[in-house]
Amino acid sequence: MDNNNIVISKNDLLENANRLHDEKYRLVQICATRVGENVLLDYSFGRDYEFVNLKCEIGQNDEIMSISRVFPPAFLYENEMHDLYGIKILHMTTDYEGSFYRTAVKNPFFPLKEG
Amino acid sequence: MGFAEFTKTAVRNLFSKPATKNYPKVKKEFFENARGHVIFDETDCIYCSLCARKCPADAIKVDRNAKTWSIVRAGCVQCSNCVDACPKKCLSMGPEYTPVMTEKGCETYARVPDNTEDN
Amino acid sequence: MSRRSIVPFGPQHPVLPEPIHLDLVLEDERVVEAIPSIGFVHRGLEKLVEKREYTEYVYVAERICGICSFQHGSGYCQAVEAIMNVEIPPRAEFLRTIWAELSRMHSHLLWLGLLADAFGFESLFMQCWRLRERVLDIFEMTTGGRVIFSVCKVGGVRRDISSDDMKRIITVLDTIVADLKDFERVFFDNNTVKSRLCGVGVLSKEKILELGAVGPVARGSGIKLDMRKLGYAAYDKIPQVEPIIETAGDCYARCLVRLRELYQSVEIIKAAASTMPEGEISVKVTGNPNGEFFSRVEQPRGEASYYVRGNGTKFLERFRVRTPTFANLGALLATLPGCDLADVPMLVLTIDPCISCTER
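Chains as they are written, first to last, in my numbering: chain A, 1 to 115; chain B, 116 to 234; chain C, 235 to 594.
Read the hints as simulated data drawn from the structure, not as lab findings. Some hints could be false.
Stated by the list, open to error - Subject to a maximum C-alpha distance of 30 angstroms in a straight line, what follows is the list of computed DSS-like cross-link-like pairs (lysine-lysine): (1) B/176 to B/203; (2) A/55 to C/401; (3) C/281 to A/106.
All figures in this text were calculated on a predicted structure; none of them were measured in a lab.
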């Protein structure tokens, strides 16, 4: 089991997603990790038993394009990231606007700084 | 295409003993290795509170000064991590499940004063 | 002229013990759109990893869900072991395989029972759960827990199965197979059952690939995708691990996949029991994980991926689970438009949703 990590910048995300879609990959998962004051996004794709992982580090206030138009189920993961980490994602196919998870506090996994 | 596939099972069920037990009268025997509840034996306990630190559910509280060991039975998840962690082997798992309780209390075991010297 | 109306499905619904809410937009009796809403049981277990030592967290990871609990524990352990370059003893690998397959059996029997209950066959439901009870007894005998085993740990397993117990397990499995054979035809040959399942919720192979569905849902549409083929634990040493596929892609096919996997699991357990080497069951793990890893395991419901990121301290930085239900939600939403309102419970059930898993 090997994790093929590819580090990309946030502007190349859609292009890479399109390429993987054309190569018949399926979306495995999207996850966010807090790294200091930044957020590390992992977009994992699979084809049969292959595994590719796109890594992309963004600031908490950065906006990122949604890949839900390329991979339809991505909107679930993106809404999840938005609700738990407060990442702003543009052009989601279905945007719950923060009501996907019913959390007691906003962005519980990455609380916004005061002020 | 068929029908009445279930007949065989249904007829057998009709003439065989029930799969369930007549509970309050007949009790199920616990397996010897079942993890039912934590048993605390205070004789060797040095109140190091390692069990409390290793508990993933934070169900155990140890007071080193007062020499008490307490457990919230309803909070315990029976993982037996404390049993593995105990350096003096004074914790063990009993196979019986915690009995039904009316309130989520905290069970405290205080050291019984005895004649032997305190360690 | 058809009228549009919205019927709420869940969060409390007879077919599901767990809360998921769907807003079904209906045109007469036909669903035209379904909007899911989850988050009723979000517990933040992923966040808890920052507060528990990585060796302890396995007991929390197991409690993400009561049905695939063993695979949650072993998936987490695998990821940590991969980061720390820990090689677990071969016997531990086999024991993990055996328990994982037993969990698959208990999960599939549970699901078959729930399916029977959903189409109104109560005695079949009882019969399935009666068989499941025997699997639970095996769990209690070998691991000490009926549903949540707490036998996996970083570096191996905590309990061994003696050869006497192994023989007893195999005898019990044989009785389960014999009893299952008695009524399995109800699932695949009965008129009433077939009329509820055949041709309902058809998902084509292409659609599945696009939606990224996993597990029996994907295999029911003819996709050979079974993470056991990755060869984690002892699956690489067992020849019986071939993905079971059906090609129809409807509810009936998904039911057949699960039914056949039950027999396959028995075969795998028998093969594992006969080739299991003697030896240690765990290795001592020292140090703290530093690094990151994605591990993937096949749960009864499909592929689950675990992401673990450590920073060299005993507390992990991030633990992330992508559960099969989360991946299959997309497939569920795709099957709903165009189906009858009466089929919705059946469709929701055939992806075998586990909401606790999904929300963690």
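Evaluated hints:
Under the criterion of a C-alpha separation no larger than 30 angstroms, the hint pairing residue 176 of chain B with residue 203 of chain B is consistent with the structure, at around 17 angstroms. Distance check on the hinted pair: residue 55 of chain A and residue 401 of chain C sit about 48 angstroms apart at the alpha-carbon level, beyond 30 angstroms; violated. For the proposed pair residue 281 of chain C and residue 106 of chain A, the alpha carbon gap of about 14 angstroms is at most 30 angstroms, so the pair holds.
In the structure shown, a violation is registered for the earlier hint numbered 2 alone.
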